[in-house]
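J.: Protein chains in written order, with our numbering: chain H, 82 to 444; chain Z, -16 to 340; chain F, 95 to 427.
Among the hints, a few may not be true.
[Stated by the list, open to error] Simulated crosslink set (DSBU-like; lysine-lysine; CA at most 30 angstroms straight-line):
{"#": "1", "chain 1": "H", "residue 1": "K259", "chain 2": "H", "residue 2": "K382"}
{"#": "2", "chain 1": "H", "residue 1": "K187", "chain 2": "H", "residue 2": "K211"}
{"#": "3", "chain 1": "H", "residue 1": "K187", "chain 2": "F", "residue 2": "K324"}
{"#": "4", "chain 1": "H", "residue 1": "K211", "chain 2": "F", "residue 2": "K324"}
{"#": "5", "chain 1": "H", "residue 1": "K265", "chain 2": "F", "residue 2": "K343"}
{"#": "6", "chain 1": "F", "residue 1": "K290", "chain 2": "H", "residue 2": "K211"}
{"#": "7", "chain 1": "H", "residue 1": "K188", "chain 2": "H", "residue 2": "K234"}
{"#": "8", "chain 1": "H", "residue 1": "K200", "chain 2": "H", "residue 2": "K188"}
{"#": "9", "chain 1": "F", "residue 1": "K343", "chain 2": "H", "residue 2": "K211"}
{"#": "10", "chain 1": "F", "residue 1": "K324", "chain 2": "F", "residue 2": "K343"}
{"#": "11", "chain 1": "F", "residue 1": "K324", "chain 2": "H", "residue 2": "K234"}
{"#": "12", "chain 1": "F", "residue 1": "K324", "chain 2": "H", "residue 2": "K259"}
{"#": "13", "chain 1": "H", "residue 1": "K265", "chain 2": "H", "residue 2": "K234"}
{"#": "14", "chain 1": "F", "residue 1": "K324", "chain 2": "H", "residue 2": "K200"}
{"#": "15", "chain 1": "H", "residue 1": "K188", "chain 2": "F", "residue 2": "K290"}
{"#": "16", "chain 1": "H", "residue 1": "K211", "chain 2": "H", "residue 2": "K259"}
[Stated by the list, open to error] Footprint (simulated), chain F over chain H, 3 or more residues, beta carbon under 8 angstroms:
{"#": "17", "segment": "156 to 166"}
{"#": "18", "segment": "174 to 188"}
The hints are simulated quantities; they were obtained by calculation from the structure and are not laboratory data.
Cβ coordinates follow ideal geometry from the N, Cα and C atoms, glycine included.
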Amino acid sequence: MARLTIEGLSKTFGVVDVIRAANLEIADGEFVVFVGPSGCGKSTLLRLIAGLEEVSSGDIRIDGVSVVRTAAAHRGVAMVFQSYALYPHMTVRENLSFGLENMRMKKAEIARRVDHAAKMLRIDAYLDRKPRQLSGGQRQRVAIGRAITRDPKIFLFDEPLSNLDAELRVLMRLEISKLHNRLKNTMIYVTHDQVEAMTMADRIVVLRAGVIEQVGAPLELYNRPRNRFVAGFIGSPRMNFVPGRVTRVGDSDFDLECDGLGSMTLPRGGRAVAAGQFVTFGVRPEHLELGAAGAGPWRLKVEVVEQQGSSAYLHCSAPAGEVLLHVPGQARQREGEVLDVGPAAGAWHLFGADELRIVGEGP
Amino acid sequence: MAEAAATPLGFLALKRGGRRADWTDWVTYGYLGLGVVVMLVPVLWVVLSSFKTEGNLMEFPPTLLPEAAKTVAVKGYERPLPLYVVKSADGRTATLAQVRRVGIEAQMVDPAHPEAGLVTVPVDAATPIRHFHVGTGNYTRLLDSAGGTIWTSIYNTVFITVVATAITLVMNAMAAFALSKYRFRGSGVALLAILATLMVPATVVLVPIYLIVSELGLLNNVWGVILPVISTPTGVFLLRQYMLTIPDELLEAARMDHASEWRIFWRLILPLATPALAVVAIFSIMSRWNDFLLPLVVLNKPEVYTLQLALAGYSDENGIQYGMLLAMTTLTALPLAVGFLFLQRYITTGIASTGIK
Amino acid sequence: MHSDGKAMEYLGAAAALPARALEPVMAGLQRVLGMGRLPWVFLAPNLAIIALFSLAPVLINVMYSVTGTDNLYPGERTFVGLANFATLLECGNYLDPATCSRDLFWRAVRNALVFVPTQVAVMIGMALATAIALNRDIRARGFFRGIFFFPVMLSPVVVAMTWLWLLQRDGALNGILGLFGFERVSWLTDPSRAFKWSVFVTVWAHMGFYTIILLAGLQSIPADIYEAAKMDRASPWRVFTRITLPLLKPVLLVVFILAVIRSVQTFDEIYVLTGGGPGTATKMIVHYIFDTGFAVMPRNYGLASAASLMLGLVLFVFTAIQMRLARGGGANG
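So that you can see chain H by itself, here it is in the shape it has in the complex (with noise of 0.2 angstroms):
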């Protein structure tokens, strides 16, 4: 129904490389999110799908044929704006209807496709107020409902969740995803916020300044991240990264020794790695456990407990800069003590200095 394929999509703005040779393909019905830093791109990628930005170079193919001469308004995709774009002397009705009468839609068509995208995000009670009338959320619903009377083979949403305030967010991105079920389009979602990526998505894209640095499902992402960026950028609180050399490698085990932590020994599991090797290592917050006492492999004194209730932030310093641990339940260290504290076993990574992870067999 609608597959999308990118190939070798490059867009540059006068001298500045803004998208560098992407290949990406999106299966049918997938819910597919963009998701980097600020300026990585990912915008214009979804701007250049939807049509509203010329490539530079590359194709682009909706179910096998090319659309990259196509303007934006006959591909079949539909987008949803970040500030909604609803037209502000229009009814919410005629918002729903503008699309469908400029393709000469007969008019019980359009009443019927407009009651249907009304009824289905609960806006029909508003299809005669004008946009100024509405709350943040009604607007956004409203928008959505544009790109839906229009029957797109593909939705696309350009951070459509930025404006509104956390709680609001929160439930839109439920209703996002219901209507995702529901309609089981392909959608194209694009963010800056990982926990929208990671909660919505079916296979995350992440970009930095115009690279597509790994394409994956979110658990995938999470687990095996391609290299240091993704680690450090998928997961909330951030992956804790301690510089480290490789002091002796065995055969099914070698020793790391971390700035200013002492050594550990880990099992290899099949990496290649190298005596005096420098490398990254990196593990989560929720991955590091408190050992028994004076049985290490890390002494970390705490400066900082946040407590949550469910689970508790304590962030200790370490030579190299802040580790910070996550643990379940209330704690009861406090601050100022030293703690023992070591990677949970298999849930930590290596990154070389080319920043890749450092891969082994098995997850």
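Once you have looked at the hints, place chains Z and F on chain H.
T.: Okay, now just chains Z and F, sitting in the frame of chain H:
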């Protein structure tokens, strides 16, 4: 976009955002280009023509650039003689200098061989040689004409413009200050009164203003043109809007520092309101320099004429001296045009904001 | 901006002297009057000028219009009631100025009734087209905007002189036509041609002002609405009629009223360009007032004032409409 920018035409075709231009863009550029021609060319034509000599101006069809006859100094003749290309009956051409013209014949001399004497040549056979010549004669004559009365007009206009603007700025700022920073009984009425003057343009009260100016003894006096126009509602509104954005805490702090209100006005409010004052000043300068109807009615003696009156009056005299008229037109328009070049952004943003309000 | 900072410094320094001189006076007034009444001191000069040159004149106009004789001084005038108005409005056949007792007045009214709609329509139409062109994604927008605005800076006399020079029998326009083999035309000696040129010249001189305002209005429409319309498959014409125009309506109305108010008062350019001629072909209302009160002998201040009041009434209506629009406008989501 390297490919598109490779050719000059391709470069021009790029819009902001790096998209290729389509036919609507060419139409837009065509329309704008035409607009530039229609807006600029008439004025440029006046300026160019002001540098032409009287003879040059009389010609039809008019020449594009100012031209004058090329002259050469010939031995034995005190004044330089104009050069002509003369075609003789057998088809040969020669360059000769004309000494004098008698009827349909001209007496010419060869500039290279003046001793050879004069040659008589039919006028039809001689075409003048001309070159581009910027003649400032019109300007010099204008500035000297009639004992330099134009300097009086210039002085009058400058005086009116500067004085009226200065007073307008102070007066309107004072009114705006009162209406923006104080809450007092009757402020609404005062605002309404100022607003009401928008309904009373000069064209409607021409006769009464004439009476009042006359009663004040200010007929044929520059002050008769200054006083009626120094209170402008739009100026007050603009300044008031701007002053409303000055935080009241500043004034309260100054008051606690024992500053009188007058001091606050001069040392705090006026400096902070400079951008709005600049806009009001520009509008005032434009209006006063270009003012026509009121001066036409109030100033009836040449020694109090403004430049606009003098310029308009020039066309009533017998024997219109077009050269000087053109020079005067250029001079009258020059100051504002030059000011416009530098202050364009102020002016256009100022108008946009008053219009949208 | 730095340059005018310096200028303001010097101006400030120059102004400081009289300001300092007045300070003791003003401080004294502040003590005597208190904060409640001090604002009136600041308002006083402005209000005085307004009273003298705006409000009093209206009353004087009324006084003049109900009195007769050609005396300037009110004491020497005789009360005639509404006779002046009656004279102005007296017409055998309202469609034929020649049958009116003040045919000049009616010719002026007729001219204005044709001139105002024509000139305003042409001017707003061109200003809108130009604003749309300037709103597009073009290079050197500031340059083009400046060019179109440039004639607004020229005084009406300069404008008229410029076009007089071009439209002469031996002028450049005829010269260009001659290049194409056309005969010379006397542009300003034919009534209908002079009228059309009056429209053209006034549009030429003032269009830029309205273009700037309309451009600002266009630029206040968010860009993503146009993108949404693009995704909604709206053709350029539909975008213009269903989105741009409706959103521009408030600004368009204000501009329209401003243009009408100015157009009704047209005098300066036409006075110098055609002198109201040939004959009375381009004589407008303000010109009639000027003639009756200041040019013709004997001066008829009564008629001039009566005509002024009628003009004032028309302008009042339009200005009131404009203020109502400005107050209630700007209703965009």
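J.: A separate judgement is required for each hint: does it hold in the structure or not?
T.: Going through the hints against the structure:
A threshold of 30 angstroms between alpha carbons decides the hint, and for H:K259 with H:K382 the separation of about 45 angstroms lies outside it, so the pair is violated. Straight-line distance between C-alpha atoms of H:K187 and H:K211 comes to about 24 angstroms, which keeps the hinted pair within the 30 angstroms bound. Between H:K187 and F:K324, the direct Cα distance comes to roughly 21 angstroms. Compliance with the 30 angstroms bound is thereby established for this hinted pair. Our distance criterion of 30 angstroms between C-alpha atoms is met by H:K211 and F:K324, whose separation comes to about 21 angstroms.
For the proposed pair H:K265 and F:K343, the alpha carbon gap of about 41 angstroms is over 30 angstroms, so the pair is violated. A C-alpha spacing of about 45 angstroms is found between F:K290 and H:K211, which places the hinted pair above 30 angstroms, so the restraint is violated. For the given pair, H:K188 sits about 22 angstroms from H:K234 by alpha-carbon distance, which is consistent with the 30 angstroms threshold. Note on H:K200 and H:K188: the hinted pairing holds, with a Cα-Cα distance of about 18 angstroms set against a maximum of 30 angstroms.
Taking the CA atoms of F:K343 and H:K211, the gap is about 17 angstroms. The hint holds against a cut of 30 angstroms. Among the hinted pairs, F:K324 with F:K343 is consistent with the structure: their alpha-carbon atoms are about 21 angstroms apart, no more than 30 angstroms. Restraint check for F:K324 and H:K234: satisfied, since their Cα atoms lie roughly 17 angstroms apart, inside the 30 angstroms limit. At most 30 angstroms may separate the alpha-carbon atoms for a hinted pair to count; F:K324 and H:K259 meet this at roughly 28 angstroms.
For the suggested pair H:K265 and H:K234, the alpha carbons sit about 10 angstroms apart, so the restraint of at most 30 angstroms is met. Proposed proximity of F:K324 and H:K200 is supported: the alpha carbons are some 26 angstroms apart, at most 30 angstroms. Between the alpha carbons of H:K188 and F:K290 the distance comes to roughly 48 angstroms, so the proposed pair goes past 30 angstroms and is violated. The suggested pairing of H:K211 with H:K259 holds, with an alpha-carbon distance near 26 angstroms, which does not exceed 30 angstroms.
For a cut-off of 8 angstroms, the count of residues in the segment 156 to 166 of chain H with a CB near a CB of chain F stands at 7, and the three-residue condition holds. Counting residues of the segment 174 to 188 of chain H whose CB lies closer than 8 angstroms to any CB of chain F gives 4, so the stated coverage by that chain holds, three being the minimum.
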